[in-house]
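The chain contents come next:
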Amino acid sequence: MSTAENDLQKNWEALRSAQHKELSEGSRTLWRTLSDVTSSKEDLAAERSQEFSHQLPAEEDAQRFNRRRFLQMMGASGALIGAAGCQRRPVDHLVPYVHKPEGLTYGTPMWYSSSAANGVGVLIKTREGKPIKFEGNPDHPVTQGGLDAHSQASLLDLYHPERLKTPMTGGAELKETSWREADTQILQALKNAKPGGVRLLTGGSISPTLNSVIQDFMTTYRAKHHGLNTSSDAAILAATDRLSGQRVRPTYRFERADVIVSVDADFLGTWGSTVENTKSFSKRRKIHQGDTNVNRLFVFESWMTNTGIAADHRFAISPTQQLSVLKALIAGVQGSTAADPMVAEAVRALRAARGKSIVVAGGHGPDAIEVQVAALLLNSLLGNLGSTVDFDTPSITGFENTADVADLVADMNAGKVDVLIIHGVNPMYSAPYLKFEAAFSKVPTVVTVTSDLNETAINSKFILAESHFAECWGDSEIRSGVISIQQPVIEPIFQTRSFGECIATWTTPTAVAIDYREVVQNYWRRSVASGVAGFDNWWMDQLKVGATKRAASKKSPAFRWAAANEILNSTKARAKEDLEIVLYTSPNMGDGAQANNAYMQELPDPITKVSWTNFVAVSPATGEKLGLERKTFQNMSESHASVLSVKVNGATVELPAFVQPGIADNVVAIALGYGRTSAGTLGTKVGANASILASFEKGRLQLSGQRAEVKKTGGKALLASTQKHFDLEGRDYDILQTTTLASFLKNPKAAKEGGHAVKLMSMYSDKEFVYPEHKWGMAIDLNSCTGCQACVVACYTENNVSVVGAEEIAMGRHMAWLRLDLYYSGDPSKPETVEANYEPMLCQHCDNAPCETVCPVLATVHSTDGLNAMAYNRCVGTRYCSNNCPYKVRRFNFFQYSDQLARKLDITDPMPMMANPEVTIRTRGIMEKCTFCVQRLQRAKDDFKDRGLRVADGAVKTACQQSCAADAIAFGDLNDPKSEVSQLAAKAQAFKVLDVLNTRPNVSYLPRIRNKGAVES
Amino acid sequence: MSVPALKEEALVQGTKTYADVSNEVCLPLESFPTKKWWVVFLLSLTVMTSGFAMIGYMIYAGTGLSGIQQPVGWGMMIITFVFWIGIGHAGTLISAILFLFRQKWRTAINRSAEAMTIFAVMCAGVFPLIHTGRPWYSFYWLFPYPNTMGPLWVNFRSPLLWDVFAVSTYFTISAVFWYTGLVPDIATVRDRCVNPIRKKIYTILSLGWRGSSRGWSHYEIAYWILAGLSTPLVLSVHTIVSFDFAVSIIPGWHTTIFPPYFVAGAIFSGFAMVVTLLVIAREVFNLKEYITIGHLDSMNKIILATGMLVGLAYGTEFFIAWYSGVPYERFIFVQRALGPYAWAYWTMITCNVISPQFFWFKSLRRNIPLMFVLSIFVNIGMWFERFVIVVTSLANDYLPSSWNYFRLSLWDYGVLLGSFGMFFTLFLLFCRLLPTISMAEVKAIMPDQSKTGGHHHG
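In the order they appear, the protein sequences are chains A and B. As numbered in my numbering, residues 1 to 1017 make up the first sequence, in order. As numbered in my numbering, residues 1018 to 1475 make up the second sequence, in order.
Certain hints may be false.
As the list claims (entries may be wrong) - Pairwise CB distance ranges, derived in the manner of DEER restraints:
(1) B/L1169 with A/G107: 25 to 33 Å
(2) A/G627 with B/L1059: 47 to 55 Å
(3) A/A902 with B/T1066: 41 to 49 Å
(4) B/G1356 with A/Y872: 47 to 55 Å
(5) B/L1355 with A/A742: 34 to 42 Å
(6) A/Y872 with B/K1052: 48 to 56 Å
(7) B/T1165 with A/G948: 31 to 39 Å
(8) B/D1314 with A/Y872: 51 to 59 Å
(9) A/S762 with B/G1356: 27 to 35 Å
(10) A/F769 with B/K1121: 33 to 41 Å
Keep in mind the hints are simulated off the structure, nothing from the lab. Here the structure is a predicted model, which means the values were calculated and not measured. We put the beta carbon where it would ideally sit given N, CA and C, even for glycine.
For reference, chain A alone in the conformation it holds in the complex:
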C-alpha cells in the first residue's frame, strides 16, 4: 500500500516541478493555447504578465460603450419611456360596492317595471346598474307582456353613440351649451313673447303628468298646444268630432269580436296600439289551445300587410274604393242584397255577429274622415258600440285636445309665433307638405327637444338633448284608466332631460331645475288621493307592478247618425285612377324616428323581407306593364332591382322596384319613414322620403289614392333582402301545414292530408334520445303568429346578435337567429287569390342533429337537457354544420360582425354597455345560432336547484316567447307531460318541419287554420 502511495506522491511532485519549470522557462512541452506553441518566448512572457493586469477602463474613455455608460443609457431611456406614457387619460370611476346595495347581488339581474315611450308596459332588466333588455310587462292590463319591435330596439337608442349628449344652440353653427344657459335664454324668450306667441308642437302625449305640466305651462304663458298627427288615429278623432263634437278614439275590443272587417286598417302592424291589438286579436285564435270559438277576419286592403296575411278572407282594393266598400257593407247590413259579390260573404258574417263584430278602417286615404264616419256608422248599425267598440274606456292618442298643426303654420307665416317648442315630431322631415321651412324662418325662437339631431332640430335655435325613457321619470295612460309609471333605471348617461322636465322647469319663474319625480308623484298624489289609504304604498305598488287601473274618464260621445248619413250621401264615389299611390307606414321604420337604430334598419320588412331601404311595390300585372319581370313567387327578390321613378302631384321619388303579389293591380305602394336627411350615420339617406308625394289640401292629409305616374329609370339599385324565394314548391306537408277551420273541426289532422304520412322504420333506437332531467322544447302556433317580428328584435338584443348592414344582407349573410319565413300560395297574377303564411324559423334543437355529426372538432354537441349546443371557442368555422342543417338556421361570422356597427359609426361609446353580459360576443370565423336562450335556462335551473325544486312550467321564457304579443310561442320541458309545450306538441295536428328527415326536432309547429266560415270557399 505504501508503495502505491509513494508512487502517487512521486507523480504529483513531478507534475508540479514540470509546471514550475514551464512557468519559469516557458517550456513548450506542455502548452495551453496555440499561441504558447507558436509565439516567441518574449511575446509569451509579455502576454502572461498582462493576463490579470488589465486596468479598469477610465472614465474619460467615453467612446467605448462600457457598463456605466450602459447603465446611464438604460436609466435615461427608462425615464423617457415613463415620460412618453404620461399622457392624460380620462378619469374613470371604478366604484366597488363598499356597501352592498340592498337586494343587489353582483352578477344577478335586477328587474324594474316601467313604461315604454309608446305606453307599452315594460320590465327593464339591469345588470350592475345598466339596463340591458326591455321585456313586456305581463302585469300591464292592456299590453299583457307583449312588447313591440320598436320598444325592444330602443335599447340601442339609449346607448346609441350618436345620441344628442348635451343641449346645443343652433343657427349658423352648432354649439354645445349648458342647461342653465339654455333655460335662462328660453325663459327670457317665453317671457318676452307676445300673447299667443308661445306654441307647443308635439306628437301624441299619453302621459297624464306631462299633459298636466303642459297645461300649467300653457296657462302661464298663454300658450297653445298643436299636435302633428300623421298616425291613422287622426281621421278617427276627426270623424268622432264631426258626429259628436268630441274627439275620442274608441278602444277596439278585438277579443270580443267574432267577425272583424278591416278596410285598409293594418291593426296588427301599424294601426293604433299594435301590441294591444295583437294581444286581443290573437286571444281569439287559440284553436290549438282548445278554443274553437275563433274570430273571422275580412281584410280589404290595397297593399300587403300583416293584417292581410292574418286574414281569413283578403280582398285587394284600390284606395279610392275604400268608401264604396264600406258603403256596400252598410247597404248589405241594412238589408239590401249586396250588389258587390266581394262584400257578400263579409255582409253575411257581419249580420250573423251583431254586437260581436268590429269594422275598422284605415289611415289617410281619400275621404279619410268619411271612411271613418262610415266605419262608425257600420259599427253602430251592427250594435257594436259599447261592446266591441268601446267609447267608455277609450284609447288615448294624445291628440284629443291639441290644436291643428295647419293653424300653427298659418300663424307662423303670419308672424304670430315667437317661441315654438317642438317635441316628439320631426315636421321638417315627416310633413314636407306643411311647408315648415319657410314658416320656421319667421319664428325667432324654435326649441326642439329631441334625442337626435334630426331635420327639424338642426333648423332650431335650441336643440335640447332628451332623455331616454329608461333614464327619466314619467307615466303613461295607454287606455283611459290604465296607467303605468315610467321609472328610470339609470342616471341619464349624458346631460339630458325629459320633455316634461323641460316644460316643468320653464314653468317655474326662475327656471330652477326641478325634480321630475316629485312632479310625477305630486300629480298622482292629487289624482289618486281619494280612496287610497297611503300614497306611498300606492306608489310603491305602482313601481312594483308597473301598471294599475283608475276610473276611466267617462265621456261617451253622443253621435248624430243622421249627420253620418248626410256626410256619406254627399260624398261622391271616386273614379279609379290608372295607377294610385299608397304611402304606408312601415312597420319597422314607423315615422322615421328610429332611422338611426341599426336594429330597425336591419330588421327586414315583414312582407318583402327587404331591409335597409324602402322600395316601390307593384303587383305582378302592374310590374309587367312597367317592364318588370317576375310573375311567380320564386326568386322574388334580387340583389339589384330596377329603379322606378314615381311621380305624384309633381313630386318624384326614385326607388328600386319590388314585384309584390297580393297588391291591388292599380296600386304603387311606398313605405314612409325612410330617406331621412339628418338621422346620423346609419339612418341618413337610407331609401327615399316618400312623404313628399303626400298631398295636403284644406287641412286634410292624403297619403293614398292620388294618381301616380311610374316609369323605369333604367338604373339598378341594391335591394338587400333576407328571403328571396317565397314559394313552398309543393312542400307544404313537410314545411308549412295549413287548413281551414271547417276541415280541422272534422279532422284535426286535416292539414296533414295529401302528405306522404308514411312512418318509415328507423334504424335508430329511441334509447339514444334519453334526457334524464329536462328536455327543452318549443311549440309555435302558426295560427296566432302575426309576423310582427318583435321576437326577432328581442332575440337580437338578448343574444347580442350582430347587425351586418345592407351589403352583407344582400350577400345572404344576415345574422338573425330567429327569422320569420313567409310563403305564398295562390295565383300571383290574381291578387284576390294570394294568401301568405308566416313560419318563425329557428334552431330546431334536433335530437338527431345533422349538424353535430359533421363537425370535425366537436364544436356543436348535444346537451343533457336536449339542447343543440355551440362551443364558440372550439369552432374553427368549416361551415359544414350549416351546410348540413336542413333548416338553414345557423349563422356564420364571415367577418368580425360584432364590430360592424362600431366600425360604421366611428365612435362606439357607450354602445358596448348594451351587450348582455350573459351571452358571449362572437368572434369572426365561427358559427352561431339559436340557443333557446340557454343563459336563461341555466339561471332558472340554478334558481330552482337552490330551492330544491324542479323548474316549474312557465318559469323560464325565451326572449322571443316573452315579447310575443300573440302568445304564439310556448316553451318548456318536454319531459313534463303537463307542461304547455308538451300538451301542444302532443296535439294530433302538431307537425315538425321536415319530419321526413328523421332529425327529430324539438320545435313543434301548429298549423295555420283559416276560418273560411261554414262554407268552404
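The hints should help you fit chain B onto chain A, whose structure is shown.
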C-alpha cells in the same frame, strides 16, 4: 414471324443508346434554363405569389371576402380542393396500378405524373385550411392530439376528419413512392455532376445509391410494396372526399353513387392534366422520343373510358333521383339541368361527356393540338362538376326561404388562379431539378443494346 399488324409500337423511338437516354433526360438539369422556361416560370411565380398574398389578406380580414354565404357555405375553396385532389389521382394510378399490371408504357410518364400528383395534393391541401373561419386553429385542432383543453378530442364521425387522414396519408405515401422511384435516377444525376455543391446535394438526395445488385433487389421489393400500398389509396382518397358530400343529408349530396363516381372523375381529370402537361413538356424539353404519341394515345383511351364512366354516373344520378321518389332529390336534379345554374351544368356535360367522344377515333387520339384542347376542356368540365355538386345542392335545399344565388367573388378568382400558379411553379421547378423521365426504368424497357448494337429493331 410476327404479324406486322399486331406488332406493338416501340415505347422509345429513334435509335437510342443508354447514354443517349441519360444525356437527353438530364439535359434540362444540366443546362441553363431557356428563355421560354423563365417566362413561364416567372409568370407562374407571380400568379402564385399574388394568390398567396390574397390568402394572407383573407386570413387577416375574414373569410367573408370569398363569395360564400347562407346557404352556400362552401364555395370556390372546397370546389377547388376536390378538383386538385382529383387531379392528384392520375400519378399514383399510373405508377402504382399500371406498375402492378405491368403496363410498360407507364415508364416514360410515371415520373412527371407522380410529381404532378404530389403538387396537386399540395395545392389541394391549402384549401381546406384556408376555407375555415379560423385557419390559425384549424391547422392543428383537426388532429387528434393530446391537449390541455380537457378531454377534448376530434369528432371521428365527421367526414372532414376522415379527409384529414385520407389526404395526409395519400400525400405521404405518394411522396415516399415518388422519392423511392427517384433514387436511382438521382444517383445518375449525381454521377454526372461537375459542380461540387450540386454534387453534394444530389449525393445527399440519392441516399447512397450505388447501383449494386443487392441495392436493386431491395429497391425493387420496396417499390413493389409501395405500389401495393398506394393502389388502395388511389381508390380511398376520393372515396373519402366524396363522403364529405355523401354522408350529409343535403339533396344531391346524399347518394351512394358518389365514391365510384368521384374516383372515376378523379382519374378522368388526372389523366387530362397529365396529357396537358406532357404535351407541353415533350415539346419544351425535346422528349418526343420518350413520351411518344403512343403514350398519349393510351392515355386518351383512359380519358375516353373514364369520361364515359362519369357520363354514366351523371345519368344514373338523374335516374335514381327520379326513381327514389324523393321530391327534394328530383327537384335538385331538375334545377341542375334547368335552373339558375344550368349554364354550369351544361358546361360540365359538354366538357366531360361530349368532348372525350372525339377519342373514339385513332387519328384524333393522336392529334396533339386536339388532345391538348380537349384535355383542358376536361379539366374545366371537372372543375364545373364540383361546382355543380357543391353549389346547386346547397343553394336550393330543403327550405325555399333560404334559397340564394351564389357567385364567386374576385378574391375567389384570385386564389383559384393562385393555386394554378403554385402548381405550375412547382412543376417547372421539378422539370429543372429532377429527371422528368425515369431513366432507369426506360433503360430497362429499351431493346437490349448488346444484341442490337445500339440500333432499334436490328
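Here is how each hint holds up against the structure:
1. B/L1169 with A/G107: 25 to 33 Å: Since B/L1169 and A/G107 have Cβ atoms about 27 Å apart, the given range 25 to 33 Å holds.
2. A/G627 with B/L1059: 47 to 55 Å: At 51 Å between Cβs, range holds.
3. A/A902 with B/T1066: 41 to 49 Å: violated (34 Å)
4. B/G1356 with A/Y872: 47 to 55 Å: violated (35 Å)
5. B/L1355 with A/A742: 34 to 42 Å: holds (39 Å)
6. A/Y872 with B/K1052: 48 to 56 Å: Hint holds: Cβ distance 55 Å, inside 48 to 56 Å.
7. B/T1165 with A/G948: 31 to 39 Å: holds (36 Å)
8. B/D1314 with A/Y872: 51 to 59 Å: holds (57 Å)
9. A/S762 with B/G1356: 27 to 35 Å: At 32 Å between Cβs, range holds.
10. A/F769 with B/K1121: 33 to 41 Å: violated (59 Å)
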